[in-house]
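Can you build the whole structure from these sequences, using the hints too?
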Amino acid sequence: MLLLTINAGSSSLRLSLFEQSGDGLVCMNEAYHDGVTERDLSLLGDFIASVDAVEIKLIVHRVVHGGAMLTTSCLIDDVIEEEIERLTPLAPLHNPLALVWIRLARSLLGEQVPQVAIFDTAFYRSLPDVAGSYALPRELCRRHGIRRYGFHGIAHRAMWQRWRELRPDVKGGGRVISIQLGSGCSITAIDRGTPVDTSMGFSPLEGLVMATRCGDLDPSIITYLQRQEGLDAEEIDLMLNKQSGLLGLSGESGDMRVLLNSDNPDARLAVGLYCYRVRKYIGAYLAVLGGADAIVFGGGVGENSAQVRMKILQDMEWLGVELATDENNNAVGVEASINTENSRIEVWVIPVDEASVMAREALAMLPNA
Numbered sequence: 005m006l007l008l009t010i011n012a013g014s015s016s017l018r019l020s021l022f023e024q025s026g027d028g029l030v031c032m033n034e035a036y037h038d039g040v041t042e043r044d045l046s047l048l049g050d051f052i053a054s055v056d057a058v059e060i061k062l063i064v065h066r067v068v069h070g071g072a073m074l075t076t077s078c079l080i081d082d083v084i085e086e087e088i089e090r091l092t093p094l095a096p097l098h099n100p101l102a103l104v105w106i107r108l109a110r111s112l113l114g115e116q117v118p119q120v121a122i123f124d125t126a127f128y129r130s131l132p133d134v135a136g137s138y139a140l141p142r143e144l145c146r147r148h149g150i151r152r153y154g155f156h157g158i159a160h161r162a163m164w165q166r167w168r169e170l171r172p173d174v175k176g177g178g179r180v181i182s183i184q185l186g187s188g189c190s191i192t193a194i195d196r197g198t199p200v201d202t203s204m205g206f207s208p209l210e211g212l213v214m215a216t217r218c219g220d221l222d223p224s225i226i227t228y229l230q231r232q233e234g235l236d237a238e239e240i241d242l243m244l245n246k247q248s249g250l251l252g253l254s255g256e257s258g259d260m261r262v263l264l265n266s267d268n269p270d271a272r273l274a275v276g277l278y279c280y281r282v283r284k285y286i287g288a289y290l291a292v293l294g295g296a297d298a299i300v301f302g303g304g305v306g307e308n309s310a311q312v313r314m315k316i317l318q319d320m321e322w323l324g325v326e327l328a329t330d331e332n333n334n335a336v337g338v339e340a341s342i343n344t345e346n347s348r349i350e351v352w353v354i355p356v357d358e359a360s361v362m363a364r365e366a367l368a369m370l371p372n373a
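Using this note's numbering, you'd call the opening residue of the sequence shown number 5 and step up by one each time.
Among these hints, one or two may not hold up.
Claimed, not checked - Only pairs whose alpha carbons sit at most 20 Å apart, straight line, appear in this in silico SDA-like list of lysine to any residue:
| no. | residue 1 | residue 2 |
| --- | --- | --- |
| 1 | K246 | D220 |
| 2 | K175 | D297 |
| 3 | K246 | I225 |
| 4 | K284 | K246 |
| 5 | K315 | E326 |
| 6 | K175 | Y280 |
| 7 | K315 | Y280 |
| 8 | K61 | L370 |
| 9 | K315 | N268 |
| 10 | K61 | S15 |
| 11 | K61 | L140 |
| 12 | K61 | C31 |
| 13 | K246 | I226 |
| 14 | K61 | V30 |
| 15 | K175 | V292 |
These are computed hints drawn from the structure, not numbers from a lab.
Okay, here's the thing in structure tokens:
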């Protein structure tokens, strides 16, 4: 039996094929594509063509926003698709693309193959009210489902689960600050497996500086620009989601690799602000957790940029964080401990394996699996 996982990001596509082997799953094939648009739909057909499509018995999708209704993984039917589509205004870069791949997979593999949605927001369904609420009129929030949902839940869950495997001696998994740095960026405070706060909120726009998203913003800026520039809602959404962040700050690129090699002062500011925002959140989450056992980096930037990790954690020895320079520099795309022996808080690079988390959870939903 083969399982296909489809993980569509705002500009990327990860495809993985698993075979059920005894009580476990074995990854048979995988592919990663960046800069993906709806013009690249042939990528899925090409990937499926590499195997006997008849053997694919289950398709698993990462869906970014499940809202207040879709708080657990579920089989996809017409009702679920409609709800995913209804939530598009809250995740305009992600939910529409998820629907594209869901419908394409159905057309390629047939109606008879079940499809499962795994929601990023589900990991945060039990956020404490003080972390999950906004200080807006309560009735207005209830009427429109306005709350902090949190995102990248599958990635943060994967990092925490791997940390638990690496350190089974830490009771209950301890207190962990997990940091997902890629095109989208987020940070989560996890207390013994339960997330107690996270940087993304009502949409994936809140929190850290990202490739093209602004992160935290004084909301009065939006109404000011509406008046001064005459921008409508769609134009502001476009600016905040696709024209801001590293790209907007630098005026050059949203790619951290480009900016780290640039002599442009605006590029240096973009990198500095990106790292400062992560550093600021680490401090906040140390306060929330009352300390931490580990800080874990994942995602394309988090796993591959020693320079970014160093900029984030430098001069934090007074907090108990001591980075080992050689170990940090050598940790590029590999799992590694990068703290010194004297560091009171462990620091790890853990490649994020969302596909395995998705596949295991979906398989557990099948009654005959």
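If you draw a straight line from the CA of K246 to the CA of I226, is it 20 Å or shorter? Holds, at roughly 15 Å.
Tell me if the straight-line CA distance from K175 to Y280 falls inside 20 Å. Distance of about 31 Å is beyond 20 Å: violated.
20 Å Cα cutoff - pair K61, S15: violated, 27 Å
Run the distance test for K315 versus N268: straight-line Cα separation, threshold 20 Å. holds, 18 Å
Would you check the hint for K315 and E326, treating anything up to 20 Å between C-alpha atoms as holding? Roughly 12 Å between the alpha carbons, so the hint for K315 and E326 holds.
Hint check: K284 vs K246, CA-CA at most 20 Å. Holds or violated? Measuring from Cα to Cα gives roughly 24 Å; hence the hint is violated.
If you draw a straight line from the CA of K61 to the CA of L370, is it 20 Å or shorter? Measuring from Cα to Cα gives roughly 11 Å; hence the hint holds.
Are the Cα atoms of K246 and I225 separated by 20 Å or less? holds, 17 Å
Compare the distance between the alpha carbons of K61 and V30 with 20 Å, and conclude whether the hinted pair is satisfied. holds, 15 Å
Taken at face value, is the distance from the CA of C31 to the CA of K61 at most 20 Å? This hinted pair holds, its Cα atoms lying about 15 Å apart.
Pairwise hint evaluation, D220 against K246, where the allowed Cα distance is 20 Å at most: holds, 15 Å
Quickly compare the C-alpha distance for K315 and Y280 to 20 Å and report which way the hint goes. holds, 8 Å
Of the numbered hints stated above, those contradicted by the structure are hints 4, 6, 10, 11, listed in ascending order.
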